[in-house]
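Using the sequences and the accompanying hints, generate a full structural model.
Respectively, the protein sequence lines represent chains A and B. Using numbering that gives the first Met the number 0, the final residue of the first sequence is 355, and nothing's skipped along the way. Using numbering that gives the first Met the number 0, the final residue of the second sequence is 253, and nothing's skipped along the way.
Errors might be hidden in some of the hints.
[What the hints assert, rightly or not] Computed cross-link-like contacts, DSS-like style, restricted to lysine-lysine with a CA-CA straight-line distance of at most 30 angstroms:
| # | chain 1 | residue 1 | chain 2 | residue 2 |
| --- | --- | --- | --- | --- |
| 1 | A | 102 | B | 141 |
| 2 | B | 155 | A | 349 |
| 3 | A | 195 | A | 254 |
| 4 | B | 138 | A | 349 |
| 5 | A | 254 | A | 344 |
| 6 | B | 155 | A | 352 |
| 7 | A | 102 | B | 138 |
| 8 | B | 138 | A | 344 |
| 9 | B | 155 | A | 195 |
| 10 | A | 350 | B | 155 |
Just so you know, these hints were derived from the structure itself, not from any lab.
Chain by chain, the residues:
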Amino acid sequence: MYGNDFAPPEDAPGGGLLGEVEAAEAALREAAARARRGGPGPDEDFEAYFADVIDADQKIEPRDWMPEAYRKTLIRQIAQHAHSEIIGMQPEGNWISRAPSLKRKAILLAKVQDEAGHGLYLYAAAETLGISRDELVELLLDGRQKYSSIFNYPTLTWADVGAIGWLVDGAAIVNQVPLCRCSYGPYARAMIRVCKEESFHQRQGYEILHTLAHGTGAQKAMAQDALDRWWYPSLAMFGPPDGDSTHSAQSMAWKIKRFSNDELRQRFVDMCVGQAEVLGLTIPDPGLRWNDERQAYDYTQPDYAELMRVIKGDGPCNRERMAHRQRAHADGAWVREAAVAYAAKRADRKKEKVAA
Amino acid sequence: MLRAPQSRTEGGPVSGVFDFTLALGDDALIAAQRLGEWTTRAPEMEEDIALANIALDQLGAARLLLTYAGELEGAGRDEDDLAFLRDDREFRNCLLVELPNGDFGVTMAKLFFLAAWQLPLYTALAGGGDDRLAAIGAKARKESAYHLDHASLWVKRLGDGTDESHRRMQDAVDQVWPYVHELFTSDPAAPVDPATLRADFDATVAAVLDEATLTRPETRWTPGGGRDGVHTEQLSYLLAEMQVLHRAHPGASW
Numbered sequence: 000m001y002g003n004d005f006a007p008p009e010d011a012p013g014g015g016l017l018g019e020v021e022a023a024e025a026a027l028r029e030a031a032a033r034a035r036r037g038g039p040g041p042d043e044d045f046e047a048y049f050a051d052v053i054d055a056d057q058k059i060e061p062r063d064w065m066p067e068a069y070r071k072t073l074i075r076q077i078a079q080h081a082h083s084e085i086i087g088m089q090p091e092g093n094w095i096s097r098a099p100s101l102k103r104k105a106i107l108l109a110k111v112q113d114e115a116g117h118g119l120y121l122y123a124a125a126e127t128l129g130i131s132r133d134e135l136v137e138l139l140l141d142g143r144q145k146y147s148s149i150f151n152y153p154t155l156t157w158a159d160v161g162a163i164g165w166l167v168d169g170a171a172i173v174n175q176v177p178l179c180r181c182s183y184g185p186y187a188r189a190m191i192r193v194c195k196e197e198s199f200h201q202r203q204g205y206e207i208l209h210t211l212a213h214g215t216g217a218q219k220a221m222a223q224d225a226l227d228r229w230w231y232p233s234l235a236m237f238g239p240p241d242g243d244s245t246h247s248a249q250s251m252a253w254k255i256k257r258f259s260n261d262e263l264r265q266r267f268v269d270m271c272v273g274q275a276e277v278l279g280l281t282i283p284d285p286g287l288r289w290n291d292e293r294q295a296y297d298y299t300q301p302d303y304a305e306l307m308r309v310i311k312g313d314g315p316c317n318r319e320r321m322a323h324r325q326r327a328h329a330d331g332a333w334v335r336e337a338a339v340a341y342a343a344k345r346a347d348r349k350k351e352k353v354a355a
Numbered sequence: 000m001l002r003a004p005q006s007r008t009e010g011g012p013v014s015g016v017f018d019f020t021l022a023l024g025d026d027a028l029i030a031a032q033r034l035g036e037w038t039t040r041a042p043e044m045e046e047d048i049a050l051a052n053i054a055l056d057q058l059g060a061a062r063l064l065l066t067y068a069g070e071l072e073g074a075g076r077d078e079d080d081l082a083f084l085r086d087d088r089e090f091r092n093c094l095l096v097e098l099p100n101g102d103f104g105v106t107m108a109k110l111f112f113l114a115a116w117q118l119p120l121y122t123a124l125a126g127g128g129d130d131r132l133a134a135i136g137a138k139a140r141k142e143s144a145y146h147l148d149h150a151s152l153w154v155k156r157l158g159d160g161t162d163e164s165h166r167r168m169q170d171a172v173d174q175v176w177p178y179v180h181e182l183f184t185s186d187p188a189a190p191v192d193p194a195t196l197r198a199d200f201d202a203t204v205a206a207v208l209d210e211a212t213l214t215r216p217e218t219r220w221t222p223g224g225g226r227d228g229v230h231t232e233q234l235s236y237l238l239a240e241m242q243v244l245h246r247a248h249p250g251a252s253w
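Structural data, given as structure tokens:
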């Protein structure tokens, strides 16, 4: 769903965050090449071995022993990420039928399709931890696992498709680039692949807004309105402020997470300011100003009470998004059953042929 | 016969190519629009990806064909003018592609019949005398072969799956079958006369339906009119949705 190197469109691709993805990939290869101890000895303490691997910045692989809490944390995080890709198809998919040109329609279809692909890689990464995709899908459909709250906001105009690309995919990639160095190998590798593809997504969103902001008066107003509505929910994507974040400290120690919520949020704000200027749009924050001492922008925090309400299920579209996914799953049940039955019949016929 | 404002011109070879190219472009565009409606609604995540792929192929072919139609017409219309600024009476697509998606079985029946027609059509175009159409045909026939393969597999899985899927797939075939005949209306002036594709189509359909344990319906009712701009009631709704934003901002760039 997400992708962003944050370079304005006139810049050559590959700078900034995309460069960090490449660096993470190089580090991953290097870690794999370094002589790794061949697993713990028969009398060795598994926990000490796990800690050694993490300390050495090497990767934990599916075959390795890992603390149960590490496994559970990863399953939760990777599954939520996968669910976000799948639910995240809905707000943008909402505009495929009405895209204003055939070129935009093709780009948007391809983008939403990529999100389904990202969902699939991520479910596959989660499956390496000993849980099946079917179980994870059930957890989503029952509401026992969450997806990113941002997708509970509606896409009211075409400019919202641009704002999702620029801001939502942008915020997501700021979150995801450090995950390319996550201690769990399959997740790190999935993130590298996802981040690479997603630089295109951010670019297309930015380009949509750029075209609108340089178009007719009505188009420019549409772009500004989208920025006004998506800015604070995008800031909230980094999660609660550090003091209130429940999972952060342990995840940092395990090198699943590398930066705090507030560090990533600041990084995002600092990147967006210049880009909004190029667009000629105004970030809806009267408190936004450069702080020379901190070498960063001061900005107004999002409404975290609103974030909590949306997480708890009371955002504008929570009910609709869930109902849509549940309906698609239920409507497809007869098709999935038929595929299973057909495969079983084919296998039986093969056996009969072999026996005959 | 009712005639749309942008009606078929009789005779000359250029107008024949224009009408034909426009009709194929409209087929692909409307098929893409319907397939795009499946996004986020498919029975499996893999199928969501596959349907989006096929929609993208159809949309890609539509863009090439409509661009070429606009050039042949010589009135300065580009792909977007043709897609977004014509009314339903000016569209030349077959009725088959505009039919609502229905359940997954109906969508697969529509796709199966469409691909079983588009594959020999694009193949014939690829070897034809019009260079632009030959290039489009050469690209599109590979895609059509995949669409046909994908739809055939589902027709077989659903036809020979469970009792429910068999019933639904047979219903879907029965429901869609009348609309295939329009595809083969003879047009000797066209770069490929659609009537010449029937035998190939029938052979493909018979083989797949047999393996799927499905029955080919008897041919009775054979609705048509799409090539003359006389459509079902559905097309106007489809276009209303597809065109709404483009038309709300006349002259804007996107």
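Now for the hints, and whether the structure bears them out:
About 22 angstroms separates the Cα atoms of residue 102(A) and residue 141(B), which keeps this hinted pair within 30 angstroms; it holds. Taking the CA atoms of residue 155(B) and residue 349(A), the gap is about 16 angstroms. The hint holds against a cut of 30 angstroms. This hinted pair checks out: residue 195(A) and residue 254(A) have alpha carbons roughly 21 angstroms apart, not beyond 30 angstroms. Proposed proximity of residue 138(B) and residue 349(A) is contradicted: the alpha carbons are some 36 angstroms apart, above 30 angstroms.
Distance restraint check for residue 254(A) and residue 344(A): the Cα-Cα separation of roughly 47 angstroms exceeds the 30 angstroms cut-off, and the hinted pair is therefore not satisfied. For the hint pairing residue 155(B) with residue 352(A), the CA-to-CA distance comes to about 20 angstroms; that is within 30 angstroms, so the pair holds. For a cut-off of 30 angstroms, the pair hint linking residue 102(A) to residue 138(B) stands: about 18 angstroms separates their Cα positions. Taking the CA atoms of residue 138(B) and residue 344(A), the gap is near 36 angstroms; set against the 30 angstroms cutoff, the hint is violated.
Between residue 155(B) and residue 195(A) the alpha-carbon distance is near 38 angstroms, which puts this suggested pair outside the 30 angstroms criterion. This hinted pair checks out: residue 350(A) and residue 155(B) have alpha carbons roughly 20 angstroms apart, not beyond 30 angstroms.
Checked against the numbered hints above, the structure violates hints 4, 5, 8, 9; every other hint is satisfied.
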